[in-house]
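Visitor: Listed here are the chains, written in short residue letters.
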Amino acid sequence: MTAAAQASLADLVARRRPGRALESDFYTRPDIFEADMAHIFGKHWIYVGVEPDVPEEGDVMVVDIGKWSVLIVRDDDMAVRAFHNVCRHRGARLVNTPKAVVGNIVCGYHAWTYRLDGELIHADHMGEDFDRSCHGLKPVHLRSVAGLLFICLAETAPDDIEYLAAKMTPYLKVHDLPNAKIVKTVDLIEKGNWKITMENNRECYHCGANHPELTIPLFAYGFGFSPQTLDETELQQAQRYADLVTANHDKWEAAGVPSREIEHLADRITGFRTERLPIDRAGQSQTLDTQVACRKLLGGINDPAMGGLSFWTQPNSWHHFMSDHIVTFCVIPLSPTETLLRTRWLVHKDAVEGVDYDLDRVTEVWEATNQQDGALVALQQSGIESPAYEAGPYSPYTEGLVEKFCQWYLGRLSATALQDAA
Amino acid sequence: MTAAAQASLADLVARRRPGRALESDFYTRPDIFEADMAHIFGKHWIYVGVEPDVPEEGDVMVVDIGKWSVLIVRDDDMAVRAFHNVCRHRGARLVNTPKAVVGNIVCGYHAWTYRLDGELIHADHMGEDFDRSCHGLKPVHLRSVAGLLFICLAETAPDDIEYLAAKMTPYLKVHDLPNAKIVKTVDLIEKGNWKITMENNRECYHCGANHPELTIPLFAYGFGFSPQTLDETELQQAQRYADLVTANHDKWEAAGVPSREIEHLADRITGFRTERLPIDRAGQSQTLDTQVACRKLLGGINDPAMGGLSFWTQPNSWHHFMSDHIVTFCVIPLSPTETLLRTRWLVHKDAVEGVDYDLDRVTEVWEATNQQDGALVALQQSGIESPAYEAGPYSPYTEGLVEKFCQWYLGRLSATALQDAA
Amino acid sequence: MTAAAQASLADLVARRRPGRALESDFYTRPDIFEADMAHIFGKHWIYVGVEPDVPEEGDVMVVDIGKWSVLIVRDDDMAVRAFHNVCRHRGARLVNTPKAVVGNIVCGYHAWTYRLDGELIHADHMGEDFDRSCHGLKPVHLRSVAGLLFICLAETAPDDIEYLAAKMTPYLKVHDLPNAKIVKTVDLIEKGNWKITMENNRECYHCGANHPELTIPLFAYGFGFSPQTLDETELQQAQRYADLVTANHDKWEAAGVPSREIEHLADRITGFRTERLPIDRAGQSQTLDTQVACRKLLGGINDPAMGGLSFWTQPNSWHHFMSDHIVTFCVIPLSPTETLLRTRWLVHKDAVEGVDYDLDRVTEVWEATNQQDGALVALQQSGIESPAYEAGPYSPYTEGLVEKFCQWYLGRLSATALQDAA
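Chains as they are written, first to last, in the numbering used here: chain A, 8 to 429; chain B, 8 to 429; chain C, 8 to 429.
To be clear, the hints were calculated from the coordinates, so they are not data collected in a lab. One or more of the hints may lead you astray.
If chains are identical, the list can't say which one is meant, so a pair holds when it fits in one copy or spans any two.
Below, simulated DSBU-like cross-link-like pairs (lysine-lysine); rule was C-alpha separation at most 35 Å, straight line [stated by the list, open to error]: (1) Lys258 / Lys198; (2) Lys258 / Lys180; (3) Lys106 / Lys258; (4) Lys198 / Lys106; (5) Lys74 / Lys258; (6) Lys74 / Lys303; (7) Lys303 / Lys411; (8) Lys174 / Lys145; (9) Lys303 / Lys145; (10) Lys303 / Lys258; (11) Lys198 / Lys303; (12) Lys145 / Lys258.
On a predicted model such as this, the values are computed, not experimentally measured, just so you know.
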């Protein structure tokens, strides 16, 4: 009665105009944030980290997604498992630090004790009628794709993760992620809705004006442009870039390095896209001098100049695999207007800091770029909250993947939140 | 079911007892705060600042009101304009600092560029079908009344701002605000609902016990009293004060300085009141020694002892214009329980600090008074939140203008929020 | 529609499985927190402090419970009274510090003045029609039980406080609380729902693994155990403990010191339990060496080794009375996930610090224990918020009083919140 009545989620989804940004409700309303958590993050494969996060038996990593807390555990048989981080007695959180090394998992409250496969092996004073076998840790679906760890919090996980795994494993295994080590992890809390963080990742229209570091290794023409606005010289440069991509893809694939685009951002439940992109200048790595920042190359790679394999997933990750290092990005919503961007940098596990690599050189491009993007996310969130905001048009040339993110998101909401309600 | 059911806004308005404070719901409920923002602040003329905030071409001031963000711009033709601070592309906030100086308004995200009259003059990669003329900045109503800037966020603004302007311009122009300069701006966040801040401003019943500085220039009898409680001496003093007001008004008006009360606090959409009040002792200014704090007087004023022209507006401002300086107060609600009080002090634009004026002397009375009032606002908010709070009676002698504020507020809610709902 | 529909409070109460923890909604939902405040804290006797909080005429203590603020006042006739801390004029909070010493209670806003019995004795400018006698402070029910102060915010207070007072006064008066003095008060904000704080207090299953200090004076067998898990030696120790309790109760009661258990935790509106428990080793006090920490004993006590009288009340307190000192705990909910634990330590009012007692020795056991419990409360709250949380079983041997707390809580909600709604 007092303020304008809120539109239903179904109405908002139905009235969305293709090719335009989403209405502000999607970025601000607590109930839509809850729907995002319950249906997008609660029912899809979510990227959470890498096998090198838990390299040894007994290593534990805690991943908090919304109100869920999940333990990622390396068991004694070297299998990686996932469990809810909740004691089956009174519900205490079991592991309360981001990482831990344990023998068994022991609850700090009343010392209930679980093995790394989740079995409850000790609980005092519970009496003879108590059945320990009914009180093991609750498992969470986990799938490692060439070392990238995806979890699914739903009872039944979408099975097309197998399609993604089949397609992506050949691309990824070249870089041998399981034998890499994390050299830096940075948590950045962006002041915007998680979809603004994702949309920012899905276009480089903003790169020229905002990313002086990233635009050194990345070709300006690699992310779309309006041909009408280019002069003759620029059109020739754009054509040379297109030719370079084709030539490199032919060369790399002939050498057994899968490189050509695969694109399923909007047409699969477990949406993704990949392509190996040439790097400008020295052609080697996403560094300030475009040369490798780590002399010891990943896997069995011999040629440092093999561009960068980029891999994007819906709803929450992107990754860049170079010959010398890997940068991997995980997005976790914190509130309608706050988002965690967790970035990990990895090099070969045997590389020695100061000898084989300089940490600053490995990380400096994306540390700067993340800061710049975080500021842009905050700007957009801030403006979108105004009642005067009206969803503007996406560029047909440079924002096509933003549009695909929106299509995937709305389609998945329709298939989950709206289906449940129907 | 669990707690007591909430009263509807319509019921709360209908059952309000005249002459008594409002029920606590008005000061605490988030939905009523939203109604206040949507209907009181969203549909009425709101005082936001002064022309000297943007004295030069290209000067920009950002005004945030609730979720709105507005740009106040001095265009190259010296006109002051207002626009929503939201890019028409993806909604990014355009200006992210309180003040800026610009040539054009350029969005930091994808460099869309707008002229100071709001026209979109540049947007890359949007293709040939894109119509720039449909994507200019959205304008906001703006009206300068003798240099005081009012905006209205509604599509259609109340037209009786013209009545206010016609009545007030002769009173205000004496002090030549457009040729003054801001010498200090202080933002004070009061821990109370905005209506508590306003009600505190509308009476001086609390002055004696709380404002040792302000009661130096202000006459104790100027804000009402109960004749029954005065002794013979006090009654004589009160009569002398009444005679002084009449004599001064006659003198000032004869000299071409409008001074007599105009009062439309509860009977107009754009409610206001004004009166030129004598100042105690030296009679010159609201300073600790009651003498002017700036030797260079405003406008063409020759006589420093011309009292203080006070001007109050509904819903969110008050102002004191003396011969030497101006103090102007703008109230912006931040949350149901937090309010921004932005105070500006101005002197003649050619006055030189340290020569013509000492900044501390200009500001010390109201800096102290604002702090004291902020503490009182917090006390009242805190007590009102108790379920034991019961709206008490206003003094018929000293709280009449508080009652008029409540009448105006409830009347405007009835005409807007309740009308929309009916 | 978007997230799972919330269960009604009635359904949640009805479907609770006896012998298991409560569902997470009880610990997290804002509407259930409001029901707790309105019905549990708003309609029952709440422990708030001790007579030594206001030892002298004019002493005032402010107690904030949810949105209520209450003045506890020692009047000139030495009676302790309670009033709402809200001015009857515009609702300002009257006393804005935790404690104060006053002649009358004067509102800081417009100087309305009340006597310590609540009568309004001064209000300026209100006119001849104003009736002061209708504008006295609103009283709050207050009952001192041997110096422990309970208030009830409801219009009609449960009358079985008299049963509690009749039963408990003989137990408590031995320690002469009114002639003790507070030597330390500590406010600890625990990061959990108030019921988690209470449930933690109602079992010592967690003590062995978490409370190295508290388990020095407390016997391990005093709080329940599963006989199946004890070996022969442990069973003999348990029997010796049971015999010790019986022998001590016989001895203390013969000496006029009531000691045997009274238990009404779940079967009375004003639920409580008491028992005088032996202390381990020297048998004197809850200190690190189990000896008295204050040489001057309380009341007329001669024998320092009289164990500890423990007294627990629903919904919000527990207390330990030893021969030398008293520790008393008051729980006040702050939000669904934050709880204030206010702990006071008292010794004989004539004891001299540094001569009769060392403050650290008096307080060190419970200061450490509170910190440990606060961490456990946070762990449980954190885990319970996961959608994967499922209420686990209570130990039939060690968590019986937790179960009784849950029974009392659900029963009282049924009799108040659900009754009102029916």
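Visitor: For each hint given before, does the structure comply? Return the numbers of the non-compliant ones in rising order.
Guide: 1, 3, 5, 6, 7, 9, 11 and 12
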